[in-house]
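Chemist: Sequences listed follow chains A and B, in order. Its first residue numbered 1, the first sequence is counted upward by one per residue in our numbering. Its first residue numbered 1, the second sequence is counted upward by one per residue in our numbering.
Don't read these hints as lab results, they were simulated from the structure. Fair warning: this is a prediction, and the values are worked out from it, not measured in the lab. There could be a bad hint or two in this list.
Said to hold, decoys possible - Below, computed lysine-lysine pairings styled on DSS-like, alpha-carbon distance capped at 27 angstroms:
(1) A:K260 - B:K176
(2) A:K11 - B:K274
(3) B:K274 - A:K8
(4) A:K240 - B:K91
(5) A:K37 - B:K274
(6) B:K90 - A:K149
(7) A:K46 - B:K274
(8) A:K259 - B:K274
(9) A:K286 - B:K91
(10) A:K147 - B:K274
(11) A:K11 - B:K22
(12) B:K22 - A:K37
(13) A:K37 - A:K276
(14) B:K91 - A:K259
(15) A:K52 - B:K91
(16) B:K274 - A:K15
(17) A:K240 - B:K90
(18) A:K286 - B:K22
(19) B:K274 - A:K144
(20) A:K260 - B:K22
(21) A:K286 - B:K90
(22) A:K124 - A:K52
(23) A:K8 - B:K22
(24) A:K102 - A:K77
(25) B:K22 - A:K259
(26) A:K286 - B:K207
(27) A:K260 - B:K90
(28) A:K52 - A:K77
(29) A:K286 - B:K250
(30) B:K274 - A:K260
(31) B:K90 - A:K259
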Amino acid sequence: MDFSALAKFVKTLGKDYGIPGCDISVYYNHINVFRAKSGYTSKFNKIRISNKDLYFLHSGAKIMCCVAVIILAQRYKLSLKDKVSEYIPNFDESYTIKDMIKKYSSVSSLEEADTDFSFENMKKIVEVVSGTDFDSYIYENITKPLKMKSTTFTLNDKNRKRINKQYDFDTQSNNTVECDTDVEELHKRSSGCLITTVNDYARFCETICGEGMSQNGYRLLSPESVDMLINELIYNETDKNDAFVCIGYNGSLVLIDVKKKITIVYAQHLMNMGVKQLEMYPILRKTVYECIGVDTWSKGYNLFA
Amino acid sequence: MGYIFLFIALICGAAKGFCGKKTSGVISEYKDALFTNVIRMFLCIIIGLVMLAMQGNINLLNVDTPVILITFMSGVTTSAFVVLWLLAVKKGAYMMLDVFTTIGVIIPLTLSSIFFGEVMRPNQWIGLAVLLIAVIIMCSYNNQIKEKMSLSSLALLIFCGISCGLTDFSQKLYTKAVGGNIAVFSFYTYVFSAAVLIILYLIERIKNPIRGTEGVLIKRIGIYVIIMAICLFANSYFKTLAATLLTSAKLYPLNLGASLIIASFMSSIFFKEKLTPRCIVGIILTFIGLLIMNLL
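For reference, chain A alone in the conformation it holds in the complex (with noise of 0.2 angstroms):
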């Protein structure tokens, strides 16, 4: 594997697209091939970006959720074919909870307040079978046993000053502007907002792509489970077999390819994406692979002994 390429264009991200900070994982065969951070978490104070900086997630958090019922399930404490008017009074009762996840997931993080499928809806049912809050549910059945020690769906007093500044893209000017709205009301703007850390995440996601199974042992989910949530239910911007790839509202890229064992975690502060921007993404994605090599007949390891 010879990562150089990636770590050259995780630097230029600032100065070719505009992204004034940034911070990505890459898991390779479970192990944490690569990790670079890049630019700064505040612009003016020149702050340079750390591993304990926490990122927005938005639709990249979805997957979280949806674990999070598909745990339920698979403890037998509800069923994917359940009508979802059993959780929801008054709820169409035309709908699964299997529709409630696959709908769930397609629909963007803002236009959620304006239909049934939103992250409140998921959080109802959560609560309503486990009998617990989704804030205690989240904590005890995913973020402690994988060790995501600061990962939360609420924005509190310990991790305000921990998120990072944010940044708006102006396309008028093409320029990044620093954001002015309150962390507070940014957090509130779209529901189910993740606050996290790249480390975090990528445990997550990494456990996800390790067929369920955390590094350190914890059974998340079961292949099965996990075969049916990136292959079935939930909504993805691939349409290669089990892989999942997602790219939230705060320019977060979350990609997981459970054949191929690499797992991506990206996150940066800025909102509001332009094109060019956007462009940046498929090239991530593409020298991320090449240079694990993992479509090479190595498999990205040496072949000379």
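Mind docking chain B on chain A? Use the hints.
Modeler: Frame of chain A; chain B shown alone:
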């Protein structure tokens, strides 16, 4: 002086590893990997000849049976190691190679103890055990995540370790039993190795008759293959020289441990691979293991 020769061998090994990593992505099938290794071995033969010519020792190529037998063993085990390494990559068992080559070090240590009286002290066995633990940790082999290793993969890895161990032992055997010119040893090793590899390559070519890839390959990575050949020859040459001055108990574990440390840092510095916590722990344990073996 033995340590200096070993140091040179390690640097050459690192350079060989660098070139190997740079070029492996270009290889598109097993046949091409065999072909490139055949070319490497032939280049090593030429380097051996040139070296002997420069030393004015071409006449030393007229050897007797013990030399032929020892270099035959060395050559066959070298090519076996090359082929088994490739098969390990093909089968996805690559990640455990370092573990089994570490276990393979027991072979030259044990045989040296039996044949040459180079008895291992208790601290050296402890140091070797620490080294093995270090390698297992560095391989990041997670029992929960692993695919069930097939018997064939396990057998492959065991034979890989054995062939690596026997290659090392043949260096020691040559220095102790013959004590002749090291370039002669290297020359004949690569003659036999090339012979074995070329047979395997030709068999593979009959099975897979697509032509034309070899020429393209040489154009793309020819210079790296030349550098790898020089480094491979030098690595073997200086390690064999070191074997004349150092006991097996010092040489082979030190070679292995230092190679692992250099490879880890090289991957991080030149190839931007992340030095994982397991890797760092493995490096520290390797140091401790080597200290226990060499200083206590």
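Chemist: All hints are to be evaluated individually against the structure, with a verdict given for each.
Modeler: Cross-check of the supplied hints:
1. A:K260 - B:K176: At roughly 48 angstroms apart (the allowed maximum being 27 angstroms), K176 of chain B and K260 of chain A break the hint.
2. A:K11 - B:K274: Answer holds: K11 of chain A to K274 of chain B is near 16 angstroms, not above 27 angstroms.
3. B:K274 - A:K8: holds, 15 angstroms
4. A:K240 - B:K91: holds, 24 angstroms
5. A:K37 - B:K274: holds, 12 angstroms
6. B:K90 - A:K149: violated, 38 angstroms
7. A:K46 - B:K274: holds, 25 angstroms
8. A:K259 - B:K274: Since the Cα atoms of K259 of chain A and K274 of chain B sit roughly 22 angstroms apart, the hinted pair holds (cutoff 27 angstroms).
9. A:K286 - B:K91: Between K286 of chain A and K91 of chain B the Cα gap is close to 25 angstroms, so the pair holds against 27 angstroms.
10. A:K147 - B:K274: Distance ~20 angstroms between K147 of chain A and K274 of chain B Cα, so the pair holds.
11. A:K11 - B:K22: Answer holds: K11 of chain A to K22 of chain B is near 21 angstroms, not above 27 angstroms.
12. B:K22 - A:K37: holds, 24 angstroms
13. A:K37 - A:K276: The hint holds at about 20 angstroms.
14. B:K91 - A:K259: holds, 15 angstroms
15. A:K52 - B:K91: violated, 38 angstroms
16. B:K274 - A:K15: holds, 24 angstroms
17. A:K240 - B:K90: Since the Cα atoms of K240 of chain A and K90 of chain B sit roughly 23 angstroms apart, the hinted pair holds (cutoff 27 angstroms).
18. A:K286 - B:K22: Distance of about 18 angstroms is within 27 angstroms: holds.
19. B:K274 - A:K144: It holds: about 25 angstroms lies between the C-alpha atoms, which stays within 27 angstroms.
20. A:K260 - B:K22: Since the Cα atoms of K260 of chain A and K22 of chain B sit roughly 21 angstroms apart, the hinted pair holds (cutoff 27 angstroms).
21. A:K286 - B:K90: holds, 23 angstroms
22. A:K124 - A:K52: Not satisfied, since the Cα-Cα distance of roughly 31 angstroms exceeds 27 angstroms.
23. A:K8 - B:K22: OK: K8 of chain A and K22 of chain B at ~17 angstroms, within 27 angstroms.
24. A:K102 - A:K77: holds, 19 angstroms
25. B:K22 - A:K259: Judged against 27 angstroms, a Cα distance of about 25 angstroms means the pair holds.
26. A:K286 - B:K207: violated, 33 angstroms
27. A:K260 - B:K90: holds, 14 angstroms
28. A:K52 - A:K77: violated, 36 angstroms
29. A:K286 - B:K250: violated, 45 angstroms
30. B:K274 - A:K260: holds, 19 angstroms
31. B:K90 - A:K259: Holds - the C-alpha atoms of K259 of chain A and K90 of chain B are around 16 angstroms apart, at most 27 angstroms.
Checked against the numbered hints above, the structure violates hints 1, 6, 15, 22, 26, 28 and 29; every other hint is satisfied.
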